[in-house]
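In order, the protein sequences belong to chains A and B.
Following my numbering, the numbering of the first sequence begins with 1 at its first residue and continues without gaps.
Following my numbering, the numbering of the second sequence begins with 1 at its first residue and continues without gaps.
Since the hints were derived computationally from the structure, they do not count as laboratory data.
List of simulated lysine to any residue pairs, SDA-like, C-alpha gap at most 20 Å:
1. K3/B - I47/A
2. K2/A - P61/B
3. K53/B - E69/B
4. K42/A - P39/B
This one's a predicted model, so the numbers in the text were calculated from it and none came from an experiment.
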Amino acid sequence: QKEVEQNSGPLSVPEGAIASLNCTYSDRGSQSFFWYRQYSGKSPELIMFIYSNGDKEDGRFTAQLNKASQYVSLLIRDSQPSDSATYLCAVDGDSNYQLIWGAGTKLIIKP
Amino acid sequence: DVKVTQSSRYLVKRTGEKVFLECVQDMDHENMFWYRQDPGLGLRLIYFSYDVKMKEKGDIPEGYSVSREKKERFSLILESASTNQTSMYLCASSLFGDRGSGNTIYFGEGSWLTVV
Numbered sequence: 001q002k003e004v005e006q007n008s009g010p011l012s013v014p015e016g017a018i019a020s021l022n023c024t025y026s027d028r029g030s031q032s033f034f035w036y037r038q039y040s041g042k043s044p045e046l047i048m049f050i051y052s053n054g055d056k057e058d059g060r061f062t063a064q065l066n067k068a069s070q071y072v073s074l075l076i077r078d079s080q081p082s083d084s085a086t087y088l089c090a091v092d093g094d095s096n097y098q099l100i101w102g103a104g105t106k107l108i109i110k111p
Numbered sequence: 001d002v003k004v005t006q007s008s009r010y011l012v013k014r015t016g017e018k019v020f021l022e023c024v025q026d027m028d029h030e031n032m033f034w035y036r037q038d039p040g041l042g043l044r045l046i047y048f049s050y051d052v053k054m055k056e057k058g059d060i061p062e063g064y065s066v067s068r069e070k071k072e073r074f075s076l077i078l079e080s081a082s083t084n085q086t087s088m089y090l091c092a093s094s095l096f097g098d099r100g101s102g103n104t105i106y107f108g109e110g111s112w113l114t115v116v
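Okay, chain A solo, but in the shape it has when bound:
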């Protein structure tokens, strides 16, 4: 059974600080890694996709992938109260169609 694990949180971070979210996965063959953000009562929305080892930056967001250690991280710089949400990590599954989802980490940015 392939798994994706995340700390459920809540992770509390002061406004302006760096928020660091982590995700580990069990399948060494996984190739695509996604971070979704989900506000309370809303549906998930994609914020980052990473394919290769190393870092990928998009504005205040940086995704870090380490395939040898089987983890992927999301860093949020200059955290804002609007970043408060649940962050879902997803990894490609066995088939061409599916993603395997973590349960999500709840992030709270304190003003």
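Starting from the known structure of chain A, arrange chain B on it as the hints suggest.
For chain B alone, kept in the frame of chain A given last:
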């Protein structure tokens, strides 16, 4: 922008009723999915479809069925609703591609179903 539309946002149904949840996507995606999401349990896949009239069971198909008669439309059916099916239901779509090709899944806004 990709648009996945779930026509019913909030529904209240009685135990034993047949419930239809409809979903339409406008990006010509091959893959469509139905998930349910419950507090503490994360996203759980109910069914998915990779082509018209094709469907495969996900992790929790019991008590549900699906229909995909047209590429853009994927329906979830609860044949006889029960209280333990009270949940948020999310429809999603993605392009077909090889594993690792980064096929982003796009979600609809969700349908909140309460069974009383």
